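Chains as they are written, first to last, in the UniProt record's numbering: chain V, 1 to 406; chain A, 1 to 406.
Just so you know, the hints here were simulated from the structure itself, not pulled from any lab data.
Treat the hints with care, as some may be off.
Computed from the model, here is a short list of chain A residues facing chain V with C-beta under 10 Å [as the list claims (entries may be wrong)]:
hint, residue
1, Thr46
2, Ile129
3, Ile135
4, Pro180
These numbers come from a predicted model, not from an experiment.
Beta carbons are placed, not taken as given, at the ideal position from N, Cα and C, and that holds for glycine.
2 protein chains.
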Amino acid sequence: MKKPSIVVLGAGYGGMIATVNLQKSLGINEANITLVNKHDYHYQATWLHENAAGTLHHDRTRIEIKEVINMNKVNFVKDTVVSIKPDEKKVKLKNGEIYYDYLVIALGFEAATFGIPGLDEHAFTIGSINSARLIREHIEYNFAMYNNEKDPNDARLTIVVGGGGFTGIEFLGELANRIPELCKEFDIDKNKVRIINVEGAHTVLPGFDPDLVEYAMNSLEARGIEFKTGALLKECKPDGIVIEKDGKLEEIPTKTTVWAAGVRANSIIEASGFETNRGKIEVRNDMRAPDYDDVFVVGDCALIMNEESGRPFPPTAQIAIQMAEAVSHNVKAMATGSGEVESFEPKILGTVASLGHDDAIGVVLNDRKLFGFKATVMKKVIDNRYLLKLGGPGLLFKKGKFNIFY
Amino acid sequence: MKKPSIVVLGAGYGGMIATVNLQKSLGINEANITLVNKHDYHYQATWLHENAAGTLHHDRTRIEIKEVINMNKVNFVKDTVVSIKPDEKKVKLKNGEIYYDYLVIALGFEAATFGIPGLDEHAFTIGSINSARLIREHIEYNFAMYNNEKDPNDARLTIVVGGGGFTGIEFLGELANRIPELCKEFDIDKNKVRIINVEGAHTVLPGFDPDLVEYAMNSLEARGIEFKTGALLKECKPDGIVIEKDGKLEEIPTKTTVWAAGVRANSIIEASGFETNRGKIEVRNDMRAPDYDDVFVVGDCALIMNEESGRPFPPTAQIAIQMAEAVSHNVKAMATGSGEVESFEPKILGTVASLGHDDAIGVVLNDRKLFGFKATVMKKVIDNRYLLKLGGPGLLFKKGKFNIFY
Numbered sequence: 001m002k003k004p005s006i007v008v009l010g011a012g013y014g015g016m017i018a019t020v021n022l023q024k025s026l027g028i029n030e031a032n033i034t035l036v037n038k039h040d041y042h043y044q045a046t047w048l049h050e051n052a053a054g055t056l057h058h059d060r061t062r063i064e065i066k067e068v069i070n071m072n073k074v075n076f077v078k079d080t081v082v083s084i085k086p087d088e089k090k091v092k093l094k095n096g097e098i099y100y101d102y103l104v105i106a107l108g109f110e111a112a113t114f115g116i117p118g119l120d121e122h123a124f125t126i127g128s129i130n131s132a133r134l135i136r137e138h139i140e141y142n143f144a145m146y147n148n149e150k151d152p153n154d155a156r157l158t159i160v161v162g163g164g165g166f167t168g169i170e171f172l173g174e175l176a177n178r179i180p181e182l183c184k185e186f187d188i189d190k191n192k193v194r195i196i197n198v199e200g201a202h203t204v205l206p207g208f209d210p211d212l213v214e215y216a217m218n219s220l221e222a223r224g225i226e227f228k229t230g231a232l233l234k235e236c237k238p239d240g241i242v243i244e245k246d247g248k249l250e251e252i253p254t255k256t257t258v259w260a261a262g263v264r265a266n267s268i269i270e271a272s273g274f275e276t277n278r279g280k281i282e283v284r285n286d287m288r289a290p291d292y293d294d295v296f297v298v299g300d301c302a303l304i305m306n307e308e309s310g311r312p313f314p315p316t317a318q319i320a321i322q323m324a325e326a327v328s329h330n331v332k333a334m335a336t337g338s339g340e341v342e343s344f345e346p347k348i349l350g351t352v353a354s355l356g357h358d359d360a361i362g363v364v365l366n367d368r369k370l371f372g373f374k375a376t377v378m379k380k381v382i383d384n385r386y387l388l389k390l391g392g393p394g395l396l397f398k399k400g401k402f403n404i405f406y
Numbered sequence: 001m002k003k004p005s006i007v008v009l010g011a012g013y014g015g016m017i018a019t020v021n022l023q024k025s026l027g028i029n030e031a032n033i034t035l036v037n038k039h040d041y042h043y044q045a046t047w048l049h050e051n052a053a054g055t056l057h058h059d060r061t062r063i064e065i066k067e068v069i070n071m072n073k074v075n076f077v078k079d080t081v082v083s084i085k086p087d088e089k090k091v092k093l094k095n096g097e098i099y100y101d102y103l104v105i106a107l108g109f110e111a112a113t114f115g116i117p118g119l120d121e122h123a124f125t126i127g128s129i130n131s132a133r134l135i136r137e138h139i140e141y142n143f144a145m146y147n148n149e150k151d152p153n154d155a156r157l158t159i160v161v162g163g164g165g166f167t168g169i170e171f172l173g174e175l176a177n178r179i180p181e182l183c184k185e186f187d188i189d190k191n192k193v194r195i196i197n198v199e200g201a202h203t204v205l206p207g208f209d210p211d212l213v214e215y216a217m218n219s220l221e222a223r224g225i226e227f228k229t230g231a232l233l234k235e236c237k238p239d240g241i242v243i244e245k246d247g248k249l250e251e252i253p254t255k256t257t258v259w260a261a262g263v264r265a266n267s268i269i270e271a272s273g274f275e276t277n278r279g280k281i282e283v284r285n286d287m288r289a290p291d292y293d294d295v296f297v298v299g300d301c302a303l304i305m306n307e308e309s310g311r312p313f314p315p316t317a318q319i320a321i322q323m324a325e326a327v328s329h330n331v332k333a334m335a336t337g338s339g340e341v342e343s344f345e346p347k348i349l350g351t352v353a354s355l356g357h358d359d360a361i362g363v364v365l366n367d368r369k370l371f372g373f374k375a376t377v378m379k380k381v382i383d384n385r386y387l388l389k390l391g392g393p394g395l396l397f398k399k400g401k402f403n404i405f406y
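Start from the sequences, fold in the hints, and give me the full structure.
Put into structure tokens, the structure is as follows:
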């Protein structure tokens, strides 16, 4: 009998945990497992804002796939997914195509710019190792240029962060810590630097506990961040942005706009003809796509409604990892004909947002609030747990964050 | 009786050695010494190519002036010289003016671009801490951008160095060592990177011993440098350069052109109305300007003919330092009325060009040729001798280059 082919698309949180679990639970004679990813490395997307700010080197964030996947058990294909043809049970890649019996779609997110003029062309987004280190270099380049011009242009020292959600706030925290170093490196007067957050809602971190929001804003403002809430970004140009607040337009000169105000599922989902809800596949209880019994979806491409709130669960690493655990169980059950498929139930264990290396806020089990030092420790515990799950103690010691006092 | 005012303009090799020597040899009651410089730091201009390539941090190259000058004995003015008015015995600064009884002009060099179209706007020059670290950042930015574009632009990975003289060759040596690191940092295929030297003469390092030139070219070519000798740079554009070789025009796409093919004396000299020869002041034997008994000139603004060769001595750190020693003796003699002014005789002790941290060529006393390891050691000995002279053992240990095996 022919062994079933399991194909996992994408090596983010969901794709990696699914592949590692399938590799562990299936014998070589039970199935062929293939992982497709455009890079030969995995990265922790929740650390990219640190790479972008320059407070953590990107090699700390990325992990070579061969370090955690056994290449003798899993067929790794370094290629880019172009489209999925679920009716033909195949995936079109840039350099070929691949057939599957069971497919796990784990293609992650991309930035959503909502048609705001100039954002696609002139704003940066924190979405990959490539885009994160470009932001770091772009900021450094502008700081380096400043003292080389006859009329130094203060727009080179102004950084606008669009969006006061999780990524935006965490990036601001890192920037606040990075700016004094950059000023020393490039002989810049700290008082010339402006870091501005633009958020459309009337508060940053909408949905978070107001005490935590206040704590976060105080922490960041004390380090020089300016907040413009209730302000819409109307246009992004190479030398500045236009915002609208209280019905008035304002132009802010800046060479650096980082857009962190929206993500959407990978656009391959819609382009491949799946039925979508907000660009995502609204999966069944067992994480399968509605019309295809052999297609599973994990992470940011999957939509699950939270019946309590009536809104979808947020696209977090935590949920992607839990989805991948359920999916790997269900794929095994179907591929080997052993056991039953399970229903997936997300368990939100807590949410922690860092505010730089030395400050954080969070909510953990039973809505307990955490501030400052305790929250920074919790953040590291969460990150380290993931590494342990992904690659065991070896990976944890190599890439973990241990210095809780820094 | 009023104490004479001695003013030194510029804190390069010549200005620093002159000031340190005057500070040591003159009592506080004998003269007022003032040093004017636009930065509060001195830098070793002969190390800037390493900062530009990114192989040495610029803080290793610069020295805070207050570290070597006793601010209780010397009045340090952080300001930019606008012009010198020798008939009024005064110097116009950006933020004021200053009178002198004895003036030491040590204003150094600036890039000469010979009217080649686009060079001033689009090429980089290695002339200061600011311009050197900008080159480093510019190269890094282009490497970082490469993998972020839909159609990666190979011009981002091409670096053109205009000029195969001392600075150009030393910069190429550092770049050759730096490129593998940059490729690793930004996930770039080394084979995509091009480093091209464009030199108008039919050989690089014109005037150097042919054996040494051949050694240098072999060393650099083995590390991937391409040489285009007998080629004139005709135009520099934001995305490329045009060269002419054997009567044919060729366009080379590049985002990075570093112009290292010409220096001239600081243009303040000509603008201040001094009689000049090739933009420099042809000084008398005692290093004074022809028409002004109270104006001394050291370093790249001073021209001394080498009667043996019939050509001017080259503008090197070695000669600037020797000039400064003679000038500080002569200024002291005149300011205190003690002793005689001396004639200055340059003593060329040797010339060493580095080819990266691990290779070099040189000629030392009696025309003995040095290659490779011995030459790298000699280079470090020369650099360390200067630091000892400038700031004693404390400075030597702090900023010296000791690791001869690296």
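Hint check:
1. Thr46: 21 Å, violated
2. Ile129: With a minimum Cβ separation of about 8 Å from chain V (threshold 10 Å), the hint on A:Ile129 holds.
3. Ile135: 9 Å, holds
4. Pro180: Since chain V brings no Cβ nearer than about 15 Å to A:Pro180, farther than 10 Å, the hint is violated.
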